[in-house]
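If you're matching them up, the sequences are chains A and B in order.
Read in order, the letters of the first sequence are residues 1 to 701 in this note's numbering.
Read in order, the letters of the second sequence are residues 1 to 701 in this note's numbering.
Calculated directly from the structure, the hints in this document are not laboratory data.
Heads up, some of the hints might be wrong.
[As the list claims (entries may be wrong)] Selected chain B positions facing chain A (Cβ under 10 Å, derived; list incomplete): (1) 13; (2) 16; (3) 80; (4) 339; (5) 483; (6) 484; (7) 551; (8) 631; (9) 663.
Even for Gly, the Cβ is constructed at its ideal location relative to N, Cα and C.
There are 2 protein chains.
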Amino acid sequence: MDVHKILIQAIGEKWRLLPEDMGKAIVRHYGINVPAGERVTSFEEAQRAASDQGYPLVIKALVPELIHKSDRDAVRVGIENETTLLKTTRELWKLFPNTPLLVEQMVKPGVELITGLMNDEHFGPCLMIGTGGVFTEVFQDVDFLMIPADRHDFLRVLTGLKGYKLLTGFRGKPPYDIGNVVDALRSFAQFGVEAAGYYETVDINPLVVNESGAKALDVKIVLKPLFAPATLDSPLPPTHYLHHFFAPESVVIIGASSAPTKPGNVVIRNILANGYEGKLYLVNPKGGDILGLPVHPSVDSLPEGIDLAIIIIPAKETPQALREVASKGIKHVVLSAGGFAEVDEYGAQIQQELTNIIQDKKIHVLGPNTSGHISTPHKFTSSFFPLGKIRQGKVSYIAQTGNFATHTMKYILTGEGFGVSRVFGLGNKIDIEESQALQFLGDDPETNAIVMYLESIKYPRRFLKVAGEVTRRKPVVMLKGGSTEAGKHAAVAHTAAMASEDSLVDGMLRQAGIVRIWDYTHLILAGKVLSMVSLPKGNRVSFLAPSGAMLVVLSDLCTRLGLSVPDLEQETLRRIQEISPPYIRMRNPVDIWASVSVKGIEFAYREGMEAVLKDPNIDAVIPILMLTRETGMPNFDFIVDLMKKYPEKPILASFSGDKRCIDECREFLEPRGVPTFFEVEQPFEALSILVRCAKVMNRSK
Amino acid sequence: MDVHKILIQAIGEKWRLLPEDMGKAIVRHYGINVPAGERVTSFEEAQRAASDQGYPLVIKALVPELIHKSDRDAVRVGIENETTLLKTTRELWKLFPNTPLLVEQMVKPGVELITGLMNDEHFGPCLMIGTGGVFTEVFQDVDFLMIPADRHDFLRVLTGLKGYKLLTGFRGKPPYDIGNVVDALRSFAQFGVEAAGYYETVDINPLVVNESGAKALDVKIVLKPLFAPATLDSPLPPTHYLHHFFAPESVVIIGASSAPTKPGNVVIRNILANGYEGKLYLVNPKGGDILGLPVHPSVDSLPEGIDLAIIIIPAKETPQALREVASKGIKHVVLSAGGFAEVDEYGAQIQQELTNIIQDKKIHVLGPNTSGHISTPHKFTSSFFPLGKIRQGKVSYIAQTGNFATHTMKYILTGEGFGVSRVFGLGNKIDIEESQALQFLGDDPETNAIVMYLESIKYPRRFLKVAGEVTRRKPVVMLKGGSTEAGKHAAVAHTAAMASEDSLVDGMLRQAGIVRIWDYTHLILAGKVLSMVSLPKGNRVSFLAPSGAMLVVLSDLCTRLGLSVPDLEQETLRRIQEISPPYIRMRNPVDIWASVSVKGIEFAYREGMEAVLKDPNIDAVIPILMLTRETGMPNFDFIVDLMKKYPEKPILASFSGDKRCIDECREFLEPRGVPTFFEVEQPFEALSILVRCAKVMNRSK
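Pulled out of the complex, with its shape left as it was, chain A reads as follows (with noise of 0.2 Å):
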């Protein structure tokens, strides 16, 4: 069978909609199950059709322009015999004259799901899965795949339906074949991959699964208008020449200024602050100097072999200067300015002018309307916010936002404890994206862990590969911004009325293997712990709480983030029961209130939390400090200590009582590498996104 002349005739002879029988031909070739079945135009035929299937049969008039059949009454179940068979043809031919019937085994019932494919112009052919029948609209349980894809990935977007539990023995039905299932899967995605130029969407609607397997009751191929060939590839060009980004051995400021408050004298100080070794040369027309440095008057009286500029001059003077720096051999160019096609038309044209620059030159360019990069272990950075001194750490940063190297990054600065190595203001990404970037990160000694701001992607399909192979080797977490924007697909097709852009982004990103985030507030925590603690070994918590309101609060949130809180071993209950009165029952989480008050707060926690860190069962440890002047503050060294003994089990503190006494511990904690958070609930999300970030790591490949 010839899938692709089939389908290029048909759209040849302008179909839109490929007869059921057809599209069930196309997908049986490709190995899918479909009921047997015959397409007849008069009763004779159809007797015969009935006696090769069997009754009970199912009648279905093939009417080329419905979309939802069930909707107009074309199709017809439960034939039991030649009466029926006769009776129901008759009333079919008399809705739908001179339309062909397709007469069909009638199938068992089973678990319907539902999939499709995809044709989506940004991401290519993607696959739908989900539980199907009446309710996938009103319960929205799908996800998506980028095909082709690994068959662990069918199995993971399978299993992670709330209707798989539908499969694995349901109400007293045995466990179906999931094999049998994802087989069906594949093969439909293969067929996806192979007849991309041909189809704008294909539902099969339902997908039956029962102990015999899994077969396609209905299949709904939707033709282009007109062959046009897939992209399914986008190749990473190489990501080398970053390090003139980050570790520039010179540098030159075009724009640089003598105002304190313009962003053109502020990048110097930044640059200055930050102790940054390299050669940096400014330009101004004016000449002079600024902050002692020299001011050249123009690119052409700089010296040669210049690694890096930083364009920093109005949006519409930006190409000529670029112009001139690619001329003077500099290949590696930060633009500052905004007004690009971020504002409006004009800015559009002067950023296509940027673009044809950058082709001509074979230059690199972050940017433009971006507000800077760091790094840290080159004591550099091109943001022209006042930040000062930036406090150097293990953490990377990719952000689609002028937000990040500057007020956020202040508040980092004034507000955390912890430092960052690389950021990468993303701007208007004409040229460097986010695959380029995480590339980088994935390669850097100095970037432990990755966390990222996106509002869009470039390039899915070359970011689906980065990081596919860069989040098995180093966490990556991010938040995506925009994501409840309307469905921008027309809803012809099932799988398309599900496709909003973000259905698309949230498959591509646990396809990924990226721990996705919900809150701007969560970039922040996210960086500070992957800063200051080791992945745990799994999810298994436990925590200390001076009431038991807390434990019952927090172990409800446990629940709801994913996180287990088991039974502690014997030893470990012996242990904490030695430390409290008789009249608590001590247990996992713990109840430490009673034990401090005999005890003494520093001897209770110190016990109560080595004995927990030391179980074989508990991956976390987080004490909840009740600290108030009147009930004495210790010497919380202690803590630091137990984060120096047990390496591998995260310590993540949290807080009640007097605010002054809160904060005073909070500054003496997070120096010393013990992350500590203000709220109750945020070290158990931040715990929850280190699981989430474990988990896909150890994930089979």
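Following the hints, put chain B in place on chain A, whose structure we already have.
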């Protein structure tokens, strides 16, 4: 039809499950439609039934012990003619010999709902309503209602289902008559109330809704082993006596101590620190004086007519002290010690002794195991935790935890700007429980809003009645501990399987008009906003943020929280465009940074905020202030002024930038009545609590 007689007979004959046709006859008697059907025991009877009903038919074996009939092939659908009728009856009698069959008209397909009744030991009769079919357990799209209930409650739970949209015209079907469904549910609930003594659970599954109305296709009544009347009411006792706890004219402390760390000393210092103006007596066998106050050696030596006693001595000595104060004529007592039923069997015995004394002496008790109560309008507290002077406010708390009047209160006093009116620490609730507390606060002119933390509800029916009324006058917010406990009901039927303790509570809180929250931190957040701002008219918010990423991410958050970010009036747009450079297209949410950089922070935020405050499409405004030393700290009076000028529109502020500047701004704004939030998500979460409060207060009667 005498339903009671039928049920009592069935119980007498030790039936657990009523045969389906009897169940159907009963619900039909209450006005619920069921398919026409007949019980048959021979093929001749089946033929006669068939000719009565007309094909197609459904045949069910009336096997008494079957719970899920479909599991054992006991249901056959689509019987089209006599041949099939014969074949089917033979098969069924072979599988289930000597079993009567139910021959019924086949009902046209429609939307499948599930509804059920459950006689919960604690909650009494409850009705469940949910989306039916095989996915009921998978998607758990169900809600619960304590019955009897008002008509609008049935409508609320029905329209609140995700699956409700299936009824309103889905995939080309016409919208169905919702009134029919509500009528069926009300009839069912009437049966549920009247027959509450007879059944454990009743399932109608499915209740099929189509253009002909709602029809019960299966009715399964699981009987009680013995008739037992259900409690439908638990009248509220008078609560006026609570004034003696919250405005006592004289107080005695039994167990006053001279040791500064002992509770019996701390409580005296708290009372003195708050400036209590009534008479304060102390009792301790040692006599002498404490903190300058004379100590009575015994209760005997006290004057007559003391309003309130605080007994703060060990558990085992508490009953004797309680007897003594009661004999002295003191009718209101706070029992502070722990060590009762919350600890062990011995403690439970002492607690029972206390209960006996209370009943015997007709006195009222708060506790035992309470950390005390607070009444700032009366400058009084019984808290034994070192709190000092407690700030007065208009929000009151009811807390079933020692946390609240202790370390959480300490945090509020040291870390937040708001105060409280009354605080109930309920403790073990042997006398005063949440319903009485809520009624008292509902009537209390010093309380504008009520925030609750409960782990159990002692009298759900009493509570529903009180809360249903109070929530129409004052906002009531609740955190319920133990929300993720496993269901306690064995899964003999669908309704019971879906009914965890928490799902009943959740339904009941909605029915009562209480706004449920999920985080411990939100107990404080809710108290704060309810103290500081008025309820908004609706959910329409405008926010001003200093970066595109925040605009995007916080818009996503609004969608998740049910807040709308509507378009602005032309005049508003004109005004905000006027203060901005032309290259930013100003809209809601407001991208304020360009305006700040041109016009300065004070001008930009002031003019931007006033423009959106004036807009009739906006109910609340959230400025995200970006503050650093370098970009300048304005005078924040303008926010206080706007707050006063537009009192009906809440202003909630958050921040970005330098932590030290943020702290400084918060310290300025909070004492001046502007609620501020450290994290950018919090003002939105707080606003969504206010919006939900406003919505339930305006609900239909």
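Against the structure, the hints come out as follows:
The restraint placing residue 13 (chain B) at the interface with chain A is violated, with a minimum CB-CB distance near 28 Å, outside the 10 Å limit. A hinted interface residue such as residue 16 (chain B) counts as satisfied when its beta carbon comes closer than 10 Å to some beta carbon of chain A; here the least separation is about 19 Å, so the hint is violated. Hint status for residue 80 (chain B) relative to chain A: holds, with the closest Cβ pair at about 6 Å, below 10 Å. Hint on residue 339 (chain B) holds. Least Cβ distance to chain A is approximately 6 Å, under the 10 Å limit.
Checking residue 483 (chain B) against chain A: minimum C-beta separation of about 5 Å stays under 10 Å; hint holds. With 10 Å as the threshold, the beta carbon of residue 484 (chain B) comes within range of chain A, its nearest partner Cβ sitting at about 4 Å, so the hint holds. Among the interface hints, the one on residue 551 (chain B) holds; its C-beta lies about 9 Å from the nearest C-beta in chain A, closer than the 10 Å criterion. Hint status for residue 631 (chain B) relative to chain A: holds, with the closest Cβ pair at about 8 Å, below 10 Å.
Interface restraint check for residue 663 (chain B): the shortest CB-CB distance to chain A comes to about 9 Å, inside 10 Å, so the restraint holds.
Checked against the numbered hints given earlier, this structure breaks hints 1 and 2; the rest are met.
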